[in-house]
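Visitor: Please take these sequences and the hints and turn them into a complete structure.
Here the protein sequences come in this chain order: A and B. Just so you know, we're using full-length UniProt numbering here: the first sequence kicks off at 1 and counts up by one. Just so you know, we're using full-length UniProt numbering here: the second sequence kicks off at 1 and counts up by one.
There's no promise every hint is true.
[As the list claims (entries may be wrong)] Computed spacing ranges between beta-carbons, pair by pair: (1) B:Gln96 / A:Leu200: 44 to 52 angstroms; (2) B:Asp120 / A:Asp156: 52 to 60 angstroms; (3) A:Met157 / B:Ser184: 17 to 25 angstroms; (4) A:Glu230 / B:Glu428: 44 to 52 angstroms; (5) B:Ser184 / A:Glu124: 45 to 53 angstroms; (6) B:Gly369 / A:Asp307: 33 to 41 angstroms; (7) A:Glu124 / B:Gly369: 48 to 56 angstroms; (8) A:Val7 / B:Gly351: 52 to 60 angstroms; (9) A:Trp105 / B:Arg181: 52 to 60 angstroms; (10) A:Asp307 / B:Arg181: 16 to 24 angstroms; (11) B:Arg181 / A:Arg179: 27 to 35 angstroms.
These are computed hints drawn from the structure, not numbers from a lab. Ideal Cβ positions, reconstructed from N, Cα and C, are used throughout, including at glycine.
Single-letter residue listing:
There are 2 protein chains.
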Amino acid sequence: MDIAQRVYNHKWKIDPIVRSLIDTDFYKLLMCQSVFRNQPDTQVTFSLINRTADIRLADLIDEGELREQLDHIRSLSLSRGESTFLRGNTFYGKRQMFRPDFMEWFEGFRLPPYHLEKRDGQYELTFEGAWPEVMLWEIPALAVLMELRGRAVLKDMGRFELQVLYARAMTKLWEKVERLRGDSALRIADFGTRRRHSFLWQDWCVQAMLEGLGSSFVGTSNCLIAMRREVEAIGTNAHELPMVYSALAETDADLRAAPYRVLADWHEEHDGNLRVILPDTYGTRGFLENAPDWLAGWTGIRIDSGDPASGAEIAIDWWKSRGENPREKLVIFSDGLDVDAMLQLQKQFAGRVRVSFGWGTLLTNDFRGLVPGNALAPFSLVCKAISANGRPTVKLSDNPNKAMGPAPEVARYKRVFEVGSQVARAVEV
Amino acid sequence: MDIAQRVYNHKWKIDPIVRSLIDTDFYKLLMCQSVFRNQPDTQVTFSLINRTADIRLADLIDEGELREQLDHIRSLSLSRGESTFLRGNTFYGKRQMFRPDFMEWFEGFRLPPYHLEKRDGQYELTFEGAWPEVMLWEIPALAVLMELRGRAVLKDMGRFELQVLYARAMTKLWEKVERLRGDSALRIADFGTRRRHSFLWQDWCVQAMLEGLGSSFVGTSNCLIAMRREVEAIGTNAHELPMVYSALAETDADLRAAPYRVLADWHEEHDGNLRVILPDTYGTRGFLENAPDWLAGWTGIRIDSGDPASGAEIAIDWWKSRGENPREKLVIFSDGLDVDAMLQLQKQFAGRVRVSFGWGTLLTNDFRGLVPGNALAPFSLVCKAISANGRPTVKLSDNPNKAMGPAPEVARYKRVFEVGSQVARAVEV
Numbered sequence: 001m002d003i004a005q006r007v008y009n010h011k012w013k014i015d016p017i018v019r020s021l022i023d024t025d026f027y028k029l030l031m032c033q034s035v036f037r038n039q040p041d042t043q044v045t046f047s048l049i050n051r052t053a054d055i056r057l058a059d060l061i062d063e064g065e066l067r068e069q070l071d072h073i074r075s076l077s078l079s080r081g082e083s084t085f086l087r088g089n090t091f092y093g094k095r096q097m098f099r100p101d102f103m104e105w106f107e108g109f110r111l112p113p114y115h116l117e118k119r120d121g122q123y124e125l126t127f128e129g130a131w132p133e134v135m136l137w138e139i140p141a142l143a144v145l146m147e148l149r150g151r152a153v154l155k156d157m158g159r160f161e162l163q164v165l166y167a168r169a170m171t172k173l174w175e176k177v178e179r180l181r182g183d184s185a186l187r188i189a190d191f192g193t194r195r196r197h198s199f200l201w202q203d204w205c206v207q208a209m210l211e212g213l214g215s216s217f218v219g220t221s222n223c224l225i226a227m228r229r230e231v232e233a234i235g236t237n238a239h240e241l242p243m244v245y246s247a248l249a250e251t252d253a254d255l256r257a258a259p260y261r262v263l264a265d266w267h268e269e270h271d272g273n274l275r276v277i278l279p280d281t282y283g284t285r286g287f288l289e290n291a292p293d294w295l296a297g298w299t300g301i302r303i304d305s306g307d308p309a310s311g312a313e314i315a316i317d318w319w320k321s322r323g324e325n326p327r328e329k330l331v332i333f334s335d336g337l338d339v340d341a342m343l344q345l346q347k348q349f350a351g352r353v354r355v356s357f358g359w360g361t362l363l364t365n366d367f368r369g370l371v372p373g374n375a376l377a378p379f380s381l382v383c384k385a386i387s388a389n390g391r392p393t394v395k396l397s398d399n400p401n402k403a404m405g406p407a408p409e410v411a412r413y414k415r416v417f418e419v420g421s422q423v424a425r426a427v428e429v
Numbered sequence: 001m002d003i004a005q006r007v008y009n010h011k012w013k014i015d016p017i018v019r020s021l022i023d024t025d026f027y028k029l030l031m032c033q034s035v036f037r038n039q040p041d042t043q044v045t046f047s048l049i050n051r052t053a054d055i056r057l058a059d060l061i062d063e064g065e066l067r068e069q070l071d072h073i074r075s076l077s078l079s080r081g082e083s084t085f086l087r088g089n090t091f092y093g094k095r096q097m098f099r100p101d102f103m104e105w106f107e108g109f110r111l112p113p114y115h116l117e118k119r120d121g122q123y124e125l126t127f128e129g130a131w132p133e134v135m136l137w138e139i140p141a142l143a144v145l146m147e148l149r150g151r152a153v154l155k156d157m158g159r160f161e162l163q164v165l166y167a168r169a170m171t172k173l174w175e176k177v178e179r180l181r182g183d184s185a186l187r188i189a190d191f192g193t194r195r196r197h198s199f200l201w202q203d204w205c206v207q208a209m210l211e212g213l214g215s216s217f218v219g220t221s222n223c224l225i226a227m228r229r230e231v232e233a234i235g236t237n238a239h240e241l242p243m244v245y246s247a248l249a250e251t252d253a254d255l256r257a258a259p260y261r262v263l264a265d266w267h268e269e270h271d272g273n274l275r276v277i278l279p280d281t282y283g284t285r286g287f288l289e290n291a292p293d294w295l296a297g298w299t300g301i302r303i304d305s306g307d308p309a310s311g312a313e314i315a316i317d318w319w320k321s322r323g324e325n326p327r328e329k330l331v332i333f334s335d336g337l338d339v340d341a342m343l344q345l346q347k348q349f350a351g352r353v354r355v356s357f358g359w360g361t362l363l364t365n366d367f368r369g370l371v372p373g374n375a376l377a378p379f380s381l382v383c384k385a386i387s388a389n390g391r392p393t394v395k396l397s398d399n400p401n402k403a404m405g406p407a408p409e410v411a412r413y414k415r416v417f418e419v420g421s422q423v424a425r426a427v428e429v
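Guide: This is the structure we're talking about:
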């Protein structure tokens with residue numbers, strides 16, 4: 001018993017969930033730098049969206065506690081060691097990934113205010129302001145809500161009951177690790193920050209992967225954990241870039257070109273394994289058919305919605321049609337993965353492309369079946385850019401259940417991007 | 001990180017398995033006091049017997065490490081707090097269970113020398129000397145061998161692999177606890193000291209039972225854990241008493257009377273729930289048929305071999321035949337129990353007798369199936385009195401697979417105690 005540690009712990013007003021500005025996805029920082037350079041003055045609104053309506057977050061989570069956690073996040077700034085890490089570490093084989101002007105801005109950065117209201121058993125949580133500032137709310141806001149929901153469920157459990165709960169969760173994860181060990185060609189990264197059970201649990205999962213999977217574990221999307229555990233920080237770009245660029249388009253022609261403009265900006269900044277296309281924002285098939293030839297030279301494609309095997313086949317066919325060798329290309333699967341899907345996809349695509357997996361919620365939050373009423377099961381909570389400079393954003397994706405935006409705008413986007421009928425898939429996490 | 005604690009830990013020459021003279025079964029202390037009074041000068045030999053021959057302990061366990069652990073146990077003496085506990089605590093509702101003369105002797109006590117040799121992949125470990133001294137070797141010797149075997153299996157495992165192993169073991173135990181919770185009439189004590197996985201694990205199991213089972217958990221046989229966790233110390237008497245008393249008998253008539261003489265001595269010292277007959281040493285049926293009437297007045301019977309349901313039926317019939325009301329009597333089941341057996345026996349006998357369970361090895365050492373090759377599965381290791389004043393001891397029990405002693409003596413005992421054919425049952429633990 002370390003008495004001083006215990007006394008110190010008792011002095012905390014709260015037990016902060018997010019304790020560092022880099023306890024976030026690495027791609028947020030890459031995108032933030034890109035936005036900081038290309039779109040620093042664009043005004044955006046991000047909003048929390050709970051796609052699992054029957055989980056009534058406002059009934060589960062105390063508003064005061066939520067405000068305390070969000071206020072604590074607003075008090076965070078980059079520490080000296082974190083700054084040194086971002087400035088000095090090699091990311092994706094590159095030194096000085098983060099430019100001095102960006103680092104200087106980030107060192108002075110604090111998260112902007114939030115707006116919180118309760119409505120119909122849910123929280124309306126929104127963030128408004130300059131895009132490079134507001135975008136950094138997404139991951140910590142989600143992590144706080146997920147963890148507060150977990151704490152609400154756990155608060156009446158006894159000491160041994162809790163220990164056994166975590167013992168069961170560890171056992172469950174390790175059984176997954178043992179199954180994944182069977183295929184040493186697997187390449188898997190942790191993509192589970194936003195909907196993790198808790199920070200400590202994500203950190204445990206990363207360490208278990210590190211010991212259990214060896215070289216099959218390629219890194220974590222969590223920048224803080226990557227720093228502390230000395231593993232690769234993983235991630236490229238996300239839907240918010242084409243969504244905001246598209247919202248800003250003045251004409252249909254501009255709109256059609258917007259997703260490519262995103263990648264043209266990215267092309268200037270990044271090469272190698274950071275040149276990964278996320279093609280599904282407005283339908284993968286149309287995006288690839290109409291893509292300029294320079295995009296076919298990019299390293300990889302990330303499959304984040306729709307049937308993953310079909311998405312990979314579309315990518316392979318596209319590369320072939322553009323005279324590229326798919327065997328040299330990277331396919332990153334990142335949508336709702338668990339062990340069966342990864343093993344199956346690996347079997348199907350190994351040797352045909354370079355396969356990689358971004359394993360998210362079912363890595364860092366698979367507490368399904370571990371408490372009565374399944375009250376710790378992960379659910380589909382997102383935090384998205386809903387408008388840019390006053391115009392609504394739209395996302396279609398390859399799964400109509402993941403579409404978002406006002407109906408007339410969705411219709412317009414479907415017309416402009418020539419999206420036909422789509423197959424709906426359940427969105428679990 | 002408590003630096004001082006870590007540095008202190010590093011100074012240990014070994015990591016001692018048994019750290020207290022009362023890290024032993026409570027009934028050993030009760031029996032020791034009885035022997036100290038009634039048979040202080042009887043010379044006995046105790047010997048380790050591994051009934052699971054394919055577990056080659058001498059190949060698994062380093063002799064030097066074993067000697068260090070045994071030497072460490074010889075260095076132990078009763079601490080002031082332990083002495084205060086034994087003198088001041090209420091056991092089975094009685095103050096001063098341990099008499100001042102016994103306590104004075106015990107406070108000066110050190111365990112006598114041991115004799116250790118390797119033969120055919122097994123350890124020959126024997127203890128010779130005065131009965132009250134030698135008998136206290138049994139439990140720590142078994143615990144040391146069980147835990148060293150576990151350490152040998154675990155020594156090449158990684159940090160997370162170990163954490164997951166214990167997570168699995170915790171999960172396994174908790175699932176048992178959850179099943180046992182279903183019947184609030186259950187009364188279960190921990191009887192798992194001798195063949196536990198480790199001291200810390202037994203301590204965890206007791207705490208888990210305490211939280212998980214509430215009043216269905218009635219205590220532990222482990223005196224040290226009973227003291228630390230402030231639960232009842234549980235236990236009455238064991239086969240070594242009739243085995244040694246019988247070995248000392250000069251004639252067949254003396255031999256036939258010996259098991260009753262044990263209980264006559266016990267009768268003088270104890271009452272209430274400590275008056276529990278262990279009838280199976282030379283066959284339950286014959287023992288009860290020939291028992292004096294005052295024994296029918298005793299509180300209970302412990303069923304420790306043979307088919308437990310048959311044993312309980314025999315006990316009930318016997319009480320009825322002696323004009324006793326079985327509903328007021330206690331039946332303690334203690335042979336190789338696990339959840340299914342306990343739930344089944346409870347269902348079968350609740351309401352007909354007062355039912356209680358001594359849950360041993362499958363409580364504190366159920367690591368079956370948790371490591372490759374099942375290398376942590378518990379096995380049947382015992383440490384028994386094999387001779388008294390130069391004469392061999394004999395045990396028959398209600399299961400011929402548990403019988404021990406030289407063949408001619410076994411034959412003589414079977415004749416004297418009129419033991420007919422017996423049903424053999426596998427001895428797992």
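Visitor: Give a verdict on every hint.
Guide: Okay, the hints, checked on the actual structure:
1. At roughly 49 angstroms, the beta-carbon separation of Gln96 (chain B) and Leu200 (chain A) lies within the given 44 to 52 angstroms, and the hint holds.
2. The given range of 52 to 60 angstroms is respected by Asp120 (chain B) and Asp156 (chain A), whose C-beta atoms sit roughly 56 angstroms from each other.
3. One distance hint, 17 to 25 angstroms for the beta-carbon pair Met157 (chain A) and Ser184 (chain B), holds here, with the actual separation near 20 angstroms.
4. For the pair Glu230 (chain A) and Glu428 (chain B), the supplied restraint of 44 to 52 angstroms holds, since their beta-carbon distance comes to about 46 angstroms.
5. Hint check: Ser184 (chain B) to Glu124 (chain A), Cβ distance near 46 angstroms, so the stated range 45 to 53 angstroms holds.
6. At about 37 angstroms, the beta-carbon gap between Gly369 (chain B) and Asp307 (chain A) stays in the expected band of 33 to 41 angstroms.
7. The supplied range of 48 to 56 angstroms is met by Glu124 (chain A) and Gly369 (chain B), whose beta-carbon atoms lie about 50 angstroms from each other.
8. Checked against the given bound of 52 to 60 angstroms, the beta carbons of Val7 (chain A) and Gly351 (chain B), roughly 53 angstroms apart, stay inside it.
9. A C-beta distance of roughly 57 angstroms is found between Trp105 (chain A) and Arg181 (chain B), which places it inside the suggested range of 52 to 60 angstroms.
10. The hinted range of 16 to 24 angstroms is not satisfied by Asp307 (chain A) and Arg181 (chain B), whose Cβ atoms lie roughly 44 angstroms apart.
11. A hinted range of 27 to 35 angstroms holds for the C-beta pair Arg181 (chain B) and Arg179 (chain A), which are about 31 angstroms apart.
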